[in-house]
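Undergrad: Guided by the hints, dock chain B onto chain A, whose structure is given.
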Amino acid sequence: MAVIGGGVTGLGVARDLAQRGVTVALFEKGDLASGTSGRSHGLLHSGARYAVKDPVSASECAQENRILKKIASHVIEDTGGMFVAVEESDLEYERVFLDGCKKSGVRVEELSIKESLSREPYLNPNVVATYLVDDAAIDPFRLALANFLDAKSNNAQIFTYTPVRLLVEQGEVTGVRLIKSGENVHADIVVNATGAWAGEVCRQAGIKLEVKPNKGTLVVVSKRIVNTVLNRLRPPSDGDILVPHQTTMILGTTSTYVRTPDNLLPTRKEIKLIVMEEEKLVPLVRRLRVIRAFSGARPLLEGGSGREAARTFLVIDHDESGVKGLITVTGGKLTTYRLMAEKTADLVCAKLGVRAPCSTDKEELPEVPVKSTLERYEALEGELRDGKEVVCECEMVTRSEVEKAFNVLAARTLGDVKRRTRMGMGECQAQMCAYRVADLMAESFGFGADEALNMLSDFLREQWKISRVLEGSQKAQTEFFKTMYRLAGSLDG
Amino acid sequence: MTGKVDVLIVGAGVAGLTAAEIIGEGGFQVLVLASGYGCSQASSGTIDVLGRYKGENVLDVEAALEKFVEEKPWHIYALAGKKTVLNALSDFQFRSGGLYAGGGGRNMKIITPLGTVKSTYLVQFTMLNASFESLAESKVMLVALPGLTGYAPHIIAGKMRNKGIDVKMTKLDLFATSPFQLASSVESNPEVLIEKLREVGAGDHDWVVFPPILGLRNVKETWQVVEEKLGTRVVELPSLPPSVPGKRLYFLLRRRCEKAGVSVVLGKIVKGIKLMGGKVTRVLTNEGSYVPSALILSTGWMLDHVLRIRGMPRRGKNEYGIKVEGVENLFFARTLVSHEEKIGLGAAITAGWLVGKAALDYLRGRK
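Protein chains in written order, with this note's numbering: chain A, 572 to 1064; chain B, 23 to 389.
With the rest of the complex left out, here is chain A:
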């Protein structure tokens, strides 16, 4: 069995199959969760958002929300969510919203405005109605890592930075070819879990699959001033969700179809639009510093506008259209990744004649040996007492956690360390810690001096990509740090 794609879906498939005793190898062209998973809102949907237009997706979300809160509680911050009507016109949506939630089994509870304001004092004081739902914040990186660790412990083999192509022999998919080494890996079945890239992979076997990459932009602000996921009570639109994440808040999103899911960058216009819309939920948002923005590619399945397209998923057995050996899973949401993996693994097992049932809905995901920032703040006193060296002050990442990222969690680059530990996700955006972690790599992980410098250069170039759309003090800060690295440090590239 081979899986292509190391996002949460692919890792979920690997975990599911490995638990059922199937021999799995997973191939990811970049790092774990470096595609759509890591560029998501990090929102564990209650389903309420889709209750009106997409009831199937809504009930899937509601069901998976409950399951994930049980099996993955350590990567979830159960913040709860609110749907907030901020204008009288929003109330036109209220009735259909409540009906939709009822029909899809999504739990909703009315909350008095007084109660909501005492719960979230920075909420717009002019709100006209508020409802409580079961939304939560979920860390997509730690979710991916937990699946990775579980799959590994059941003997799955996982290869990052290993791009592959489908191996097609006489119209049948027989495995994958490793592009870098040219090596062929044979597999009875290949699962294409590449999300927005699924169409590209299918094309390698001559299959036409309509997956439209849909760009969603998200904005990170430096302060966390709400503790509940906030949704605007209106038909899904741009900039109407706010998710508190660790020490930051992520605002979003937008929706535009794009030709390719690669190299998506936010535009200044998108950032402005999002901040302007979110101000209606939390007026103070305008005065917070935008420290970063990023764009991900949703794998949407049908035509119509991006907001209309279904968020449900598809598991496609290409045998039915004459190509043996390939199964594609695409569409869906971060929230429904486990269900997508279960349905895919069911189909694989039926084909392989494996009887073992799915257990991923009951078995808890393993602990990730790197703390979240909030846990770190709690443990801070003890850590410092133990004399542990802090390498990233914004997120309080310790040296031993960087070591674990390399030794246990398969990190290979500075970007990988960032995804695993949140190093560099805070206010300074890695500028003060990047060279220290690069130095640590030269010290402890067998990197040569030139290799470490190249890695630092690549990482910073990636970090600075966003600087042309940032404004004000964040822009000035980025320019300052560019000067620090390029002039004082004479780092080129």
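Keep in mind that a hint or two might mislead.
Unchecked claim - The following label-pair restraints were derived from C-beta to C-beta distances: (1) B:N79 to A:F1016: 27 to 35 Å; (2) B:F197 to A:G676: 55 to 63 Å; (3) A:R748 to B:T199: 52 to 60 Å; (4) B:S285 to A:V979: 55 to 63 Å; (5) A:L749 to B:S160: 43 to 51 Å; (6) A:L688 to B:K94: 55 to 63 Å; (7) A:N978 to B:K185: 52 to 60 Å; (8) A:I750 to B:G253: 57 to 65 Å; (9) A:R1039 to B:A158: 23 to 31 Å.
FYI, nobody ran anything at the bench for these hints, they're computed from the structure. We put the beta carbon where it would ideally sit given N, CA and C, even for glycine.
TA: Below, chain B without anything else, positioned relative to chain A:
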């Protein structure tokens, strides 16, 4: 606070303080206002004039500047002219009381805090031998201080090994809350550092290479004591900000300004200016306003990115000059940092010098 003053300078970076000293020495009353300590301590303290030109490392600065000013007539170097640039720099070096070394129309290659190599014009004298060439074929002890940020010792050591230098790294357990505090405590009591280094056999090496911690205000003496007592040659590397060499530079400029009778007030934020009859007549700050005969804005690139000053005359996108048309007593010390050409404080010194002289001429002409 409100006051009449001959010259008001906004910004206490290298350009602002250089201009302040020149005007103060000319006998005029100068007041420098700044929101913070200025950018000098955010630099690595080396004076980068023109490190690279058309992709090539520059060694002969004089020759490279000649071509550079021809090609970029809008640049501060071209406005000053090659000769004035070099004069301003040698004047700066002369007045540094021995803190700065190098110059003479040529760049030197030094090791950066990241272990790369940079061509720079003037360095603090402790760094004169901070190059792979000076350390070649010798036995080197590289001092690392866990917890001290601002440089990458393991990468530097790796680079040294790649060049065939026999380098041994020593980690010293000296605790400090900041590099400034560490440099200051080494200055007041160098024995602790010396003792720790003796224990690890520093004296058996040809060179002991330090991050810049050998003194903050009294570098010469601190450095000499360390070198004598260790019985070996000692060299400092530059560091990333917040850097001790940058702070030393700041102290140097402040001392010189003080001698020239310049007043410096920190914690002031300029909010707006008033123009009347082609002149700046009033400068408004967060605390009070000022009535200067001339105003110099030496706020670096902050002016373009962050600062919002009400009433500022608009300048065209490509106006890099030190004056703006139609306002006779307003001067800009605009420096142009360039990552590609490795231009840094060299431009700041030139801009400060040029603006200082121009303002001085203006004030003298009024009398």
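Undergrad: Next step is simple, just say for each hint if it's right about the structure.
TA: Verification of the hints:
1. As the Cβ distance of N79 of chain B to F1016 of chain A is approximately 31 Å, the hint placing it in 27 to 35 Å holds.
2. A beta carbon spacing of about 59 Å between F197 of chain B and G676 of chain A agrees with the range 55 to 63 Å that was offered as a hint.
3. Under the hint 52 to 60 Å, the C-beta atoms of R748 of chain A and T199 of chain B, about 55 Å apart, fit the expected range.
4. Range check, S285 of chain B to V979 of chain A: Cβ separation about 59 Å, and the 55 to 63 Å hint holds.
5. The supplied range of 43 to 51 Å is met by L749 of chain A and S160 of chain B, whose beta-carbon atoms lie about 47 Å from each other.
6. A hinted range of 55 to 63 Å for the beta carbons of L688 of chain A and K94 of chain B is consistent with their spacing of about 58 Å.
7. Between N978 of chain A and K185 of chain B, the C-beta spacing of about 30 Å breaks the proposed range 52 to 60 Å.
8. A C-beta distance of roughly 58 Å is found between I750 of chain A and G253 of chain B, which places it inside the suggested range of 57 to 65 Å.
9. For R1039 of chain A and A158 of chain B, the hinted distance range of 23 to 31 Å is not satisfied, since their beta carbons lie about 42 Å from each other.
In the structure shown, a violation is registered for the earlier hints numbered 7, 9, in ascending order.
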